[in-house]
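Chain by chain, the residues run as shown.
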Amino acid sequence: MVAPTSSKLISVTLRVWRQEGPAAQGRFVEYKAANLNPNMSLLEMLDVVNDDLERRGEEPIAFAHDCREGICGTCSLMIDGKPHGPHRGVASCQTYMRSFEDGAVITLEPFRAKPFPVQKDLICDRSAFDRIQQAGGFITARAGSACDANAIPVPKGQADLAMDAAQCIGCGACVAACKNSSAMLFVAAKVSHLGLLPQGQAERDRRVLGMVQTMDEAGFGNCSNQYECSAACPKLISHDFIARMNRDFLAASVRSAFQAESQASGGGA
Amino acid sequence: MANLDSRIPPGPLADKWRKHKADIKLVNPANKRKYEVIVVGAGLAGSSAASSLADMGYKVKSIVFHDSPRRAHSIAAQGGINAAKNYQNDGDSVHRLFYDTIKGGDYRAREANVHRLAEVSVNIIDQCVAQGVPFAREYGGLLANRSFGGAQVSRTFYARGQTGQQLLLGAYSALSRTVGQGLVELVTQHEMVDLVVVDGHAKGVITRDLVTGKLHRHAADAVILATGGYGNVFNLSTYARGSNTTAIWRAYKRGACFGNPCYTQIHPTCIPVSGDYQSKLTLMSESLRNDGRIWVPKRKEDCGKDPNTIPDEARDYFLERIYPSFGNLAPRDVSSRAAKRMCDEGRGVGETGLGVYLDFSHAIKRLGEAGVRERYGNLFDIYHEITNENAYRTPMRIYPAVHYTMGGLWVDYNLMSNVPGLFVLGEANFSDHGANRLGASALMQGLADGYFVIPYTIGDYLAAQKPGSRPSTDAAAFRQAEENVAAQVSRLLGAKGKEPVNQFHRRLGKIMWNHCGMARTRAGLEQAIQEIGALREEFWRNVSVPGSGATLNQALERAGRVGDFIELGELMCRDALTREESCGGHFREEHQYPDGECKRDDTNFAHVAAWEYQGEGKVPLRNVEPLNYESVKMSVRSYK
Numbered sequence: 001m002v003a004p005t006s007s008k009l010i011s012v013t014l015r016v017w018r019q020e021g022p023a024a025q026g027r028f029v030e031y032k033a034a035n036l037n038p039n040m041s042l043l044e045m046l047d048v049v050n051d052d053l054e055r056r057g058e059e060p061i062a063f064a065h066d067c068r069e070g071i072c073g074t075c076s077l078m079i080d081g082k083p084h085g086p087h088r089g090v091a092s093c094q095t096y097m098r099s100f101e102d103g104a105v106i107t108l109e110p111f112r113a114k115p116f117p118v119q120k121d122l123i124c125d126r127s128a129f130d131r132i133q134q135a136g137g138f139i140t141a142r143a144g145s146a147c148d149a150n151a152i153p154v155p156k157g158q159a160d161l162a163m164d165a166a167q168c169i170g171c172g173a174c175v176a177a178c179k180n181s182s183a184m185l186f187v188a189a190k191v192s193h194l195g196l197l198p199q200g201q202a203e204r205d206r207r208v209l210g211m212v213q214t215m216d217e218a219g220f221g222n223c224s225n226q227y228e229c230s231a232a233c234p235k236l237i238s239h240d241f242i243a244r245m246n247r248d249f250l251a252a253s254v255r256s257a258f259q260a261e262s263q264a265s266g267g268g269a
Numbered sequence: 270m271a272n273l274d275s276r277i278p279p280g281p282l283a284d285k286w287r288k289h290k291a292d293i294k295l296v297n298p299a300n301k302r303k304y305e306v307i308v309v310g311a312g313l314a315g316s317s318a319a320s321s322l323a324d325m326g327y328k329v330k331s332i333v334f335h336d337s338p339r340r341a342h343s344i345a346a347q348g349g350i351n352a353a354k355n356y357q358n359d360g361d362s363v364h365r366l367f368y369d370t371i372k373g374g375d376y377r378a379r380e381a382n383v384h385r386l387a388e389v390s391v392n393i394i395d396q397c398v399a400q401g402v403p404f405a406r407e408y409g410g411l412l413a414n415r416s417f418g419g420a421q422v423s424r425t426f427y428a429r430g431q432t433g434q435q436l437l438l439g440a441y442s443a444l445s446r447t448v449g450q451g452l453v454e455l456v457t458q459h460e461m462v463d464l465v466v467v468d469g470h471a472k473g474v475i476t477r478d479l480v481t482g483k484l485h486r487h488a489a490d491a492v493i494l495a496t497g498g499y500g501n502v503f504n505l506s507t508y509a510r511g512s513n514t515t516a517i518w519r520a521y522k523r524g525a526c527f528g529n530p531c532y533t534q535i536h537p538t539c540i541p542v543s544g545d546y547q548s549k550l551t552l553m554s555e556s557l558r559n560d561g562r563i564w565v566p567k568r569k570e571d572c573g574k575d576p577n578t579i580p581d582e583a584r585d586y587f588l589e590r591i592y593p594s595f596g597n598l599a600p601r602d603v604s605s606r607a608a609k610r611m612c613d614e615g616r617g618v619g620e621t622g623l624g625v626y627l628d629f630s631h632a633i634k635r636l637g638e639a640g641v642r643e644r645y646g647n648l649f650d651i652y653h654e655i656t657n658e659n660a661y662r663t664p665m666r667i668y669p670a671v672h673y674t675m676g677g678l679w680v681d682y683n684l685m686s687n688v689p690g691l692f693v694l695g696e697a698n699f700s701d702h703g704a705n706r707l708g709a710s711a712l713m714q715g716l717a718d719g720y721f722v723i724p725y726t727i728g729d730y731l732a733a734q735k736p737g738s739r740p741s742t743d744a745a746a747f748r749q750a751e752e753n754v755a756a757q758v759s760r761l762l763g764a765k766g767k768e769p770v771n772q773f774h775r776r777l778g779k780i781m782w783n784h785c786g787m788a789r790t791r792a793g794l795e796q797a798i799q800e801i802g803a804l805r806e807e808f809w810r811n812v813s814v815p816g817s818g819a820t821l822n823q824a825l826e827r828a829g830r831v832g833d834f835i836e837l838g839e840l841m842c843r844d845a846l847t848r849e850e851s852c853g854g855h856f857r858e859e860h861q862y863p864d865g866e867c868k869r870d871d872t873n874f875a876h877v878a879a880w881e882y883q884g885e886g887k888v889p890l891r892n893v894e895p896l897n898y899e900s901v902k903m904s905v906r907s908y909k
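Protein chains in written order, with our numbering: chain Z, 1 to 269; chain E, 270 to 909.
Isolated chain Z (complex conformation) (with noise of 0.2 Å):
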């Protein structure tokens, strides 16, 4: 199975949490994965041991994955206590076998927080976050309603700093770092990528406002101020935009205290 190739080929043991669904009670099974190239990804040293377990009739390991280049957000390993395993600023599928020993234990989970039950073995249910950007996520912009791209000019280190934020792929691997499964870094990304530009004005306290009364209601905690969730980001997205929508959120809070509403119903002629 394994291509010629100039590097040592290596040997590991896993541990692997499997649960047969959400009810089930799970447990550590160990599997062995022999003569492995040590440039092949951990993704794909799974798909050799479940092509093993399959040829033996038995069912593989259902992991979560997609676009297998860091950016779609569907993987979501723990790797040896770490969410998306030991390297910093990438995601499970961006981890090699290069990174571990030959004859390394690597205990592979789930992403482990009370909002993201387990569906099956290594997989989770994360619509929780989802919920969070149906509730203000968004600039209201119907197709066909816009002016044009450059009538509104945006300074580009307030551009820069947007993408900066926007560049959150929604892995919760923040929420799984966190010792009070807090989303605040994944909300605070979203809430700052769109509260930084011009056109994100008109909704900004709304957004903060729903945004983070329906994070509070699917179970994420508070922020611990310990920053393991930048640290676990694949795309080290700075604990500094907390700071930021902790601040929106301040005063999205006085203004909507205190604001004046339009009594009028609507209609017209």
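If a hint is listed, it holds; no wrong ones were tucked in.
In silico lysine-lysine, BS3-like type, Cα no more than 25 Å apart, as pairs:
#, chain 1, residue 1, chain 2, residue 2
1, E, K574, Z, K8
2, E, K288, E, K902
3, E, K767, Z, K32
4, E, K483, E, K522
5, E, K301, E, K328
6, E, K290, E, K735
Residues on chain E that point at chain Z, a partial pick, calculated with CB under 10 Å:
#, residue
7, D324
8, D336
9, A345
10, V398
11, A443
Listed next, the stretches of chain Z that the computed footprint assigns to chain E, with coverage defined by at least 3 CB atoms under 8 Å from CB atoms of chain E:
#, region
12, 65-76
13, 119-125
14, 151-159
15, 196-203
To be clear, the hints were calculated from the coordinates, so they are not data collected in a lab.
Because the structure is a prediction, the values reported are computed rather than measured.
Every residue, glycine too, gets a C-beta built ideally from N, C-alpha and C.
Guided by the hints, dock chain E onto chain Z, whose structure is given.
Then chain E, alone, in the frame of chain Z:
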């Protein structure tokens, strides 16, 4: 014989879309909420269509197999999106974008569709900026542009090397807004496994809940497929592992014609294959060709040497040599084949000899390492992660890989297939790129279809459907379709063979790459059809799909998709065999000029081939839609 009326509006090219919009039927606002539209897939085309139709007042159901719409593979597009804004004052116009796209497609796309695409391209940028897409900007606050292959103007808008991600998150935010407002019902982790056709019209789909395994029936007044391309038929490609053909393939088996299945794009700049275990090839954005120079050693003997020790005069910058006016920015098909020719001559580099250098040393001299890092830093990082090599010091090694499929389900000018009520958007349809797609045009097409075409054209169909006439999911067609799917699932689980699904996928990929890849021959394609037939027989007899159909079962998901890929692979070979010419990404070795360029046959093949399913085990029917060029003269494509 399928009815292939392209419904291209009469009149001058530049007026067709405006006139068509004025002529087609509208659905009044109070009636819109009585119609339900299913949108399968939530990439750029699907998300933008679902949110736009919901904003107009239609009831929309968005169905995705991912756990979230934000995972769709549009997210991985790196380089940019074209638009004829002419913000650079460098001579761009709607006509020039239209012309570049038609020429880039080697005169095998419809003029009217491409012109419309160029027209709405400017609205897309406006729409995306309004949504908060953080495009690159200049210090004055205005939008920045860069150039891309096949064009001599700078019309590409970008967001670092993550343009697809930012555009998709924009479309996803619009979809999320409409879901939050209760206008769209979002159904995740459901895979479309059949199309339901009632009285000849598409009226629903069957999905499999990927978590519980349960089959579901969904009825609608119209069905939109925006399920992407089928390049994973080659197993190794730049597609996401989950990208598949199942939705469009099963629609094909329900009567939708498949247009030009053999038109495949092989992208010139990908990281070369390193071993048999490999699951995926990674693209290095075409934008790198703005500043990188592609070369191989002039002499075979130098191929094993450290590239930094090979002096400039011993290097062959072959794209600059062969195509002096476009140089390193020649279109993708042309650049890929040139790289293949160099490797075939024995001048390829790297362990396998299947690679060419993409060199930034000149750019680093000109811009400094920091300058190169600012433009392409994330791409250099990706290269380093995968190869463990530093491309600031040593040139990158690249090789062509499957990247996009221009073919797809046949659609008319309204983006409706030959099955009434079935619309197909984005990469899943065949419509706009002819035989080769230019860089930064896929994002443009996905969003054009979803934001600015389907909102108009779907009304033309729905206005003729009586409100409230959509069939119940108890109808016989739904029951029959669900039984069909259930039987297929049982058959896969019951095979109890010895060979894992991935092995069949790998074997299919090898057959396709060897015989239906960058260069194709009659003998090779005939052999491939034989081999695929045998593989298909073995698959159904010897595939191993452990586990049950009533749980999350990834082996079962893969098996269903690979089964469809095997059938599609055969159709692609058949299409490539019948098209006795070379054009764009379809290169038949028998049809070339002495210098190795594509030799088209406009007398016999200036048409779309739309294949029609004839039943299990029967040879499909090849229908033809002639391509009538009224504005542009079909000529020999030259980038020299």
